[in-house]
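Novice: So in the working numbering, spot 131 of the sequence shown is number 131, and the numbers just go up one at a time.
Keep in mind the hints are simulated off the structure, nothing from the lab. Computed from a prediction, not measured in an experiment: that's the story for all the values here. One or more hints might be untrue.
Result set (DSBU-like, lysine-lysine): computed pairs, CA atoms no more than 35 Å apart in a straight line [stated by the list, open to error]:
#1 107 - 72
#2 111 - 146
#3 69 - 23
#4 77 - 121
#5 152 - 99
#6 13 - 69
#7 111 - 144
#8 69 - 99
#9 121 - 107
#10 13 - 75
#11 24 - 72
#12 99 - 139
#13 23 - 99
#14 72 - 139
#15 152 - 107
#16 72 - 144
#17 25 - 77
#18 99 - 75
#19 99 - 111
#20 146 - 107
Label-pair distances were calculated between CB atoms; the ranges are [to be verified]:
#21 26 - 85: 52 to 62 Å
#22 59 - 39: 29 to 39 Å
#23 119 - 20: 49 to 59 Å
#24 74 - 13: 54 to 64 Å
#25 24 - 79: 21 to 31 Å
#26 59 - 26: 17 to 27 Å
#27 149 - 79: 13 to 23 Å
#28 20 - 41: 12 to 22 Å
#29 37 - 9: 43 to 53 Å
Virtual Cβ for every residue (Gly too), placed ideally from N, Cα, C.
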Amino acid sequence: MDRHGCRYTQPLKPQQLTWNRQKKKQCQTNQYPTPEQNEIAYLNCETDITRTHISELEILENQLYTEVKEAKLQKVKQEAHDSLEVLQTTWNTIPESIKDQLSTNFKNWTKSADNECDSAKPADTQVQTDINRHICIIKLVRVKTKELEGYKI
Numbered sequence: 001m002d003r004h005g006c007r008y009t010q011p012l013k014p015q016q017l018t019w020n021r022q023k024k025k026q027c028q029t030n031q032y033p034t035p036e037q038n039e040i041a042y043l044n045c046e047t048d049i050t051r052t053h054i055s056e057l058e059i060l061e062n063q064l065y066t067e068v069k070e071a072k073l074q075k076v077k078q079e080a081h082d083s084l085e086v087l088q089t090t091w092n093t094i095p096e097s098i099k100d101q102l103s104t105n106f107k108n109w110t111k112s113a114d115n116e117c118d119s120a121k122p123a124d125t126q127v128q129t130d131i132n133r134h135i136c137i138i139k140l141v142r143v144k145t146k147e148l149e150g151y152k153i
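Build out the structure end to end from the sequences listed, making use of the hints.
Specialist: Here it is in structure tokens:
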């Protein structure tokens with residue numbers, strides 16, 4: 001908290017300071033006969049410019065949010081792919097006689113895992129739903145891989 005009881009915020013960045021200066025310069029006016037009228041005009045101008053800037057920033061924020069979510073999706077897709085490869089490698093190292101006994105169980109687990117991850121509640125966006133599905137796959141595959149490692153010789 002500062003000395004006025006306000007929550008402390010980060011100092012403004014250079015581009016924010018520049019924007020504030022430009023806004024003040026653009027809104028300065030002495031076209032009205034009284035200081036009060038000029039102050040009202042100044043505040044209305046500042047409000048309009050600020051609202052426009054907020055809209056621009058919200059658009060940028062949404063674009064960045066989308067880019068971040070897409071990057072996260074690519075990351076978890078790769079992690080899911082990698083974990084499935086580890087599972088397959090682990091399965092391939094199990095002796096054939098044991099694999100024969102586990103085969104039905106493994107096929108049933110595969111269907112069950114797909115159903116579990118596909119039936120998860122949809123998120124607010126398709127990208128987030130896909131992220132959640134891949135995270136589900138990763139978790140289930142890691143558990144199954146650990147289980148199968150017990151059968152390796």
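Novice: Does 43 to 53 Å hold as the CB distance between residue 37 and residue 9, or does it fail?
Specialist: About 32 Å separates the Cβ atoms of residue 37 and residue 9, which means 43 to 53 Å is violated.
Novice: Regarding residue 26 and residue 85, is the given constraint of 52 to 62 Å on their beta-carbon distance met?
Specialist: holds (58 Å)
Novice: Are the Cα positions of residue 152 and residue 107 separated by 35 Å at most?
Specialist: Holds: residue 152 and residue 107 sit about 18 Å apart, inside 35 Å.
Novice: If you draw a straight line from the CA of residue 13 to the CA of residue 69, is it 35 Å or shorter?
Specialist: At roughly 26 Å apart (the allowed maximum being 35 Å), residue 69 and residue 13 satisfy the hint.
Novice: For residue 24 and residue 72, compute the direct alpha-carbon distance and say whether it is at most 35 Å.
Specialist: At roughly 40 Å apart (the allowed maximum being 35 Å), residue 72 and residue 24 break the hint.
Novice: Range hint 13 to 23 Å: satisfied by the CB atoms of residue 149 and residue 79?
Specialist: holds (19 Å)
Novice: Taking 35 Å as the top limit, are the C-alpha atoms of residue 111 and residue 146 close enough?
Specialist: holds (18 Å)
Novice: Holds or violated: residue 99 with residue 75, Cα cutoff 35 Å?
Specialist: Answer holds: residue 99 to residue 75 is near 31 Å, not above 35 Å.
Novice: Given the hint that residue 99 pairs with residue 111, test it: the Cα-Cα distance must not exceed 35 Å.
Specialist: holds (17 Å)
Novice: Check the hint pairing residue 121 with residue 107 against an upper bound of 35 Å on the C-alpha distance.
Specialist: The given pair, whose Cα atoms are some 24 Å apart, holds under the 35 Å limit.
Novice: Holds or violated: residue 25 and residue 77, Cα atoms, limit 35 Å.
Specialist: Distance of about 50 Å is beyond 35 Å: violated.
Novice: Determine whether the Cβ-Cβ distance between residue 20 and residue 41 falls within the hinted range of 12 to 22 Å.
Specialist: Between residue 20 and residue 41, where Cβ atoms are some 18 Å apart, the hint holds.
When each numbered hint is compared with the structure, violations occur for hints 8, 11, 13, 17, 24, 25 and 29.
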